[in-house]
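**Student:** Generate the whole structure from the sequences, applying the supplied hints.
Protein chains in written order, with this note's numbering: chain R, 1 to 160; chain Y, 161 to 654.
FYI, nobody ran anything at the bench for these hints, they're computed from the structure.
Glycine is no exception: its CB is placed at the ideal position from the N, C-alpha and C atoms.
Hints are not guaranteed to be accurate.
Label pairs and their computed distance ranges (CB to CB) [stated by the list, open to error]:
#1 S85(R) <-> V651(Y): 26 to 34 Å
#2 G136(R) <-> R217(Y): 15 to 23 Å
#3 R344(Y) <-> P137(R): 35 to 43 Å
#4 E363(Y) <-> A105(R): 24 to 32 Å
#5 A291(Y) <-> R108(R): 19 to 27 Å
#6 A113(R) <-> E350(Y): 23 to 31 Å
#7 E363(Y) <-> S59(R): 20 to 28 Å
#8 R108(R) <-> P255(Y): 46 to 54 Å
#9 T356(Y) <-> R108(R): 28 to 36 Å
#10 T547(Y) <-> S151(R): 49 to 57 Å
#11 D126(R) <-> D567(Y): 32 to 40 Å
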Amino acid sequence: MDSAAPKAETLLLALGNPLMGDDGVALVAARALQPRYREKVDICESPVAGFALLDLLSSYRRALIIDAARTGSVPPGTISEFTPSDFSPDASTSPHYAGLPEVLALGRTLDIALPGEIRILGMEIDEMDRLHEGLGPVAAGALPEFLLRTSLILDSWTAP
Amino acid sequence: MPTGAQQTLPRRITVDPITRLEGHGKIDIFLDAKGEVEKAFYQIPELRGFEVFSLGRPAEDMPQITSRICGVCPTAHHMAATKALDDLYHVEPPPTAKKVRELIYNTFMLEDHALHVYILGGPDFIVGPDAPKAKRNVVGVIETVGVETGKRVIAMRKRLRELIAHLGGKVIHPVFGLPGGVARGVSPDELPGLKTLADDAVEFALFTLDVFKKIVLANEKYVALITSDAFTHRTYSMGLVDAAGKVNFYDGIVRVTDPSGKEYTRFAPADYLDTVAEHVEPWSYVKFPFLKNVGWKGFTDGPESGIYTVAPLARLNVSDGMATPEAQKAYGEYVATLGGKPVHHTLANHWARVIEMIQAAEKMRELVADPLLTGKELRTLPTEKPTRGVGIVEAPRGTLMHHYETDERGLITKANLIVATQNNAGRISMSVEKAARALIHGGNVDDGLLNKIEMAFRAYDPCNACSTHALPGQMPLTIRLRNAAGEVERVIER
Chain R
1 MDSAAPKAET LLLALGNPLM GDDGVALVAA RALQPRYREK VDICESPVAG FALLDLLSSY
61 RRALIIDAAR TGSVPPGTIS EFTPSDFSPD ASTSPHYAGL PEVLALGRTL DIALPGEIRI
121 LGMEIDEMDR LHEGLGPVAA GALPEFLLRT SLILDSWTAP
Chain Y
161 MPTGAQQTLP RRITVDPITR LEGHGKIDIF LDAKGEVEKA FYQIPELRGF EVFSLGRPAE
221 DMPQITSRIC GVCPTAHHMA ATKALDDLYH VEPPPTAKKV RELIYNTFML EDHALHVYIL
281 GGPDFIVGPD APKAKRNVVG VIETVGVETG KRVIAMRKRL RELIAHLGGK VIHPVFGLPG
341 GVARGVSPDE LPGLKTLADD AVEFALFTLD VFKKIVLANE KYVALITSDA FTHRTYSMGL
401 VDAAGKVNFY DGIVRVTDPS GKEYTRFAPA DYLDTVAEHV EPWSYVKFPF LKNVGWKGFT
461 DGPESGIYTV APLARLNVSD GMATPEAQKA YGEYVATLGG KPVHHTLANH WARVIEMIQA
521 AEKMRELVAD PLLTGKELRT LPTEKPTRGV GIVEAPRGTL MHHYETDERG LITKANLIVA
581 TQNNAGRISM SVEKAARALI HGGNVDDGLL NKIEMAFRAY DPCNACSTHA LPGQMPLTIR
641 LRNAAGEVER VIER
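**Tutor:** Listed below in structure tokens is the structure:
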């Protein structure tokens, strides 16, 4: 994204690493949704989160974050919706792990405009620590639903 | 396997979710028959498949590939890989290309260090090690330093990141490095803006030193903690130095000093394997680099043990001083206060990091004032056949080594990385073991264990990013207690 360009009201933020197989599933989804939404929504791909989210999220009214997930509590391919309050801000031991709750708290403390509404969709995957390209069969099979769920949220936000 | 099933997750998840900055840390603590700590290891997650992934790929792709491995220091990987390509193709970049690289690299160092000083490591010192857990977070840091300072930090980081994006192509995955040069130069009409930013950066770095002095150094308890035995290891140190023996992040000779501060060896990047070897513990896949001519003597310090340390503390130990005037002044005060060189107090890394911020900012100012920066010659085109290349830079977290070999078409036949946190893994293990020994007795685990262990390893600014990192997923810290038979008895996770 060109930082000088005026921002849309809505951000689709895809997190993932394209070299880590299924970890990049949200990036694949974001690219697939580009043609349909690029006029209405800013679409951003990022391999990092933590405090980088502050720069990425600032000035949007609404943001949908899509990502790979490994909760271990649901089968791979499951798509779950989270909200920022699902994640405990004080559960992380390392401040490297500063995540969405801290970023939002920091934004509030410093009067930085962050989205009033943030929704999060994660696709459960089962392996992420081996370098390889492309999606495995489970993630590829669940991709249509991931796209659908993402589209439903974006449509509800961008409908005239 | 079922796919696409919709399911409701528990509403409260105990692990911070979008934690792409790092993989989780694993700590193994081995107890003896009496329940006392026998040994402990800090284990950085393995990056599986890198070698296989790289084989047969064009070497020119490595700066892009390796910068995508890591979301924390892509610029460091990009630069180490680019320098490895210079070596691989036997080309010397023109002076202007080197200046442009250095400007981007110092900007990156300043930005990354600022993040650690104020935000990542801040909870330990700015808020304080004894503050309640609820305060030991970034909001607690802002409350301590003040909202205006917080705004200043965020604004400065943003401007530095914008400069990296402007000169480097992209802030997250820079694309400027080419074998023998850079993809774009700096035009004279960009200089006024760069000069303003560099001046502001110096002021910001000096302001940070002031904050550090007021909050940390003026507090006797903090200083006592920094110099306490619990956070001290007399190991070898490693880091790059320039021709004058001063700290250099981008280039130079690798110097190693012994625990007394005397130079043990120095080597050109290409010769790193003459000095560094990797020890593998039988219970684990983790490799612990050590000085091979000193030898692996286990997780112990002193001149007989080949364990060495990297990162800010080590860089200041191996150098004859800082390369810029204000940083040198701050360095003098640091050395005098901590009782002379070398400094072996792990927590002094935080202070050393602030001093490095000053050097990085002053370097930016120096480079912007250098007429060579806006030169037109950006690249020496490779003409020789590629063979073997090694590139070493000082990443924020310490010495980072990239080593590639190719066939004559330039396709990778061998690739090896030693990342900074790996170089520090032996010493981090020792720090963890010290904390564990103090807190575990008769098999009983003190509740303060995690906090003390965190403090011990956080000073190194360890980065496990060259590994996994997805949504909720893995615990950021897993501690496994093993009995005398090596069986896991208890797992503590947070």
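**Student:** For each hint, tell me whether it holds in the structure or not.
**Tutor:** How the hints compare with the structure:
Between S85(R) and V651(Y), the C-beta spacing of about 27 Å keeps the proposed range 26 to 34 Å intact. Taking 15 to 23 Å as the suggested C-beta distance range, the pair G136(R) and R217(Y) conforms, at roughly 21 Å. Separation of R344(Y) from P137(R) is about 42 Å and conforms to the stated range, judged on CB atoms against 35 to 43 Å. The beta-carbon spacing between E363(Y) and A105(R), approximately 28 Å, falls within the hinted interval of 24 to 32 Å.
Checked against the hint of 19 to 27 Å, the pair A291(Y) and R108(R) passes, with Cβ atoms roughly 20 Å apart. A hinted range of 23 to 31 Å holds for the C-beta pair A113(R) and E350(Y), which are about 29 Å apart. Distance hint for E363(Y) and S59(R): a CB-CB separation of about 27 Å, consistent with the stated range 20 to 28 Å. A beta carbon spacing of about 47 Å between R108(R) and P255(Y) agrees with the range 46 to 54 Å that was offered as a hint.
T356(Y) and R108(R) have their C-beta atoms about 30 Å apart, which keeps the hinted 28 to 36 Å range intact. Look at T547(Y) against S151(R): about 51 Å separates their beta carbons, and that is inside 49 to 57 Å. The hinted range of 32 to 40 Å is satisfied by D126(R) and D567(Y), whose Cβ atoms lie roughly 36 Å apart.
Comparing the model with each earlier hint shows no violations; every hint is respected.
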